[in-house]
Amino acid sequence: NAGVTQTPKFQVLKTGQSMTLQCAQDMNHEYMSWYRQDPGMGLRLIHYSVGAGITDQGEVPNGYNVSRSTTEDFPLRLLSAAPSQTSVYFCASRLGTQLKPTQSGYGYTFGSGTRLTVV
Amino acid sequence: AQSVTQPDIHITVSEGASLELRCNYSYGATPYLFWYVQSPGQGLQLLLKYFSGDTLVQGIKGFEAEFKRSQSSFNLRKPSVHWSDAAEYFCAVGESGNTPLVFGKGTRLSVIA
Numbered sequence: 008n009a010g011v012t013q014t015p016k017f018q019v020l021k022t023g024q025s026m027t028l029q030c031a032q033d034m035n036h037e038y039m040s041w042y043r044q045d046p047g048m049g050l051r052l053i054h055y056s057v058g059a060g061i062t063d064q065g066e067v068p069n070g071y072n073v074s075r076s077t078t079e080d081f082p083l084r085l086l087s088a089a090p091s092q093t094s095v096y097f098c099a100s101r102l103g104t105q106l107k108p109t110q111s112g113y114g115y116t117f118g119s120g121t122r123l124t125v126v
Numbered sequence: 019a020q021s022v023t024q025p026d027i028h029i030t031v032s033e034g035a036s037l038e039l040r041c042n043y044s045y046g047a048t049p050y051l052f053w054y055v056q057s058p059g060q061g062l063q064l065l066l067k068y069f070s071g072d073t074l075v076q077g078i079k080g081f082e083a084e085f086k087r088s089q090s091s092f093n094l095r096k097p098s099v100h101w102s103d104a105a106e107y108f109c110a111v112g113e114s115g116n117t118p119l120v121f122g123k124g125t126r127l128s129v130i131a
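So the protein sequences, as listed, match chains L and P.
For my numbering, count along the first sequence from 1 and bump the result up by 7.
For my numbering, count along the second sequence from 1 and bump the result up by 18.
Derived from the structure by calculation, the hints contain no laboratory data.
Using N, Cα and C, we set each Cβ at its ideal position, and we do this for glycine too.
Please note that the accuracy of each hint is not assured.
What the hints assert, rightly or not - Distance ranges between label pairs, derived from CB positions:
(1) L/E66 / P/A47: 38 to 48 Å
(2) L/G23 / P/G61: 23 to 33 Å
(3) L/N72 / P/Q63: 27 to 37 Å
To be verified - Covered stretches of chain P, going by a simulated chain L footprint (3 or more residues, C-beta under 8 Å):
(4) 57 to 68
(5) 117 to 129
Bound conformation, chain P alone (with noise of 0.2 Å):
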């Protein structure tokens, strides 16, 4: 079966610094991978997904992140964190078909001054 882990719980970071949130899966297949993102009290907005090709993709508000087959993992970054980027953050696995969408136990960022 699929899982996802995201090994940070809660990360803080300084504005203005980088930022990598980690995430990896288990799966058989090439899977595809989604990155969201959710502020308190909000929906769940996709920031980024890779389905195949470059394993460096890029999304919204900055974040790119990486796939790395080997180390069976999508990890998410951002050069320079904004305070507006503490939010809760989801790695997710899915594939096309009847699989449904699987998600990580979330890490929530928070950003000081």
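Chain L on its own, in the form it takes in the complex (with noise of 0.2 Å):
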């Protein structure tokens, strides 16, 4: 199993331009989520999907799209990237949104992030 892959590991974008930070999982997690690290702010949620063509906002959604069209990938879109997006993204998953943290298979699977600048 490769677990939950980014891509790209890096990019940087000017202003106003437009991408898609790639998030793709092959253990048939049904959920999905996607947060943005900054220094002194820990991890914020931005979007999250419990399912195909079901998403919903987190902490920080401002700036940024999703779709879930399959069960395997949850891509984030940046429409105008802005400077205050600079950060280091990181794409999480996890097994069955019925499935119970005592039950075998609960756990959270992160990427490995995408660090991305924007200037």
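Combine both chains into one complex, guided by the hints.
As structure tokens, then:
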């Protein structure tokens, strides 16, 4: 299993450009989410999805769009990049939203991150 | 709404000394609690987790954490710190179902000789 794969690992954008951060998992996880990490702020939730066709906003959704057309993929789109979106982005997934933590297989898997710089 | 507080932004300890990183949560029911570690430029690695049962949980790399419901705390401990433990540590709270994982802002650990 590859786990959670994020691409690209590094990206530099100019203000106003658009791009898509890719996140793919091969574990048949229902739950997927995007976080951004900034110094002193920890990880803040951007968007999450509990299954194909279902997405919801997190703490800091402005400037980002997501969709979930398949179980495997959960891309994060920046429509018009701003310097405030310079950050490290992490994708995380989890098996079955109805699975209890005491059940086998429960646990979050994180991707290795995408470092984005907007100039 | 769930929230997680890590009161210490930065802690410095001597190698071989004991360590305790604090974590307090705000949550109505019994939370599911996690500690993650992040080395510079790396992703997140799960150290340990608490769901139910014994309130003292053991993790990897010699870490342990104790859940104290009365204090809404889940502090991370290690009896003897090694230089390789220098990293950032995150406490997180979640649950089953559709509620996302919520992270604290992290505690940066420096280890000196």
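23 to 33 Å as the expected CB spacing between P/G61 and L/G23, which holds or is violated:
Between L/G23 and P/G61, where Cβ atoms are some 29 Å apart, the hint holds.
Whether the CB-CB distance between L/E66 and P/A47 falls inside 38 to 48 Å:
Given a distance of about 20 Å, which is not inside 38 to 48 Å, the answer is violated.
Quick check: does the Cβ-Cβ distance between L/N72 and P/Q63 fall within 27 to 37 Å?
For P/Q63 against L/N72, whose Cβ atoms are near 30 Å apart, the range 27 to 37 Å holds.
Residue count check for the stretch 117 to 129 of chain P against chain L: does it reach three with CB-CB under 8 Å?
holds (count 7)
How does the coverage statement for the stretch 57 to 68 of chain P fare against chain L, requiring three or more residues with Cβ below 8 Å from a Cβ of that chain?
Coverage by chain L holds for the stretch 57 to 68 of chain P (5 residues, Cβ < 8 Å).
When each numbered hint is compared with the structure, a violation occurs for hint 1 only.
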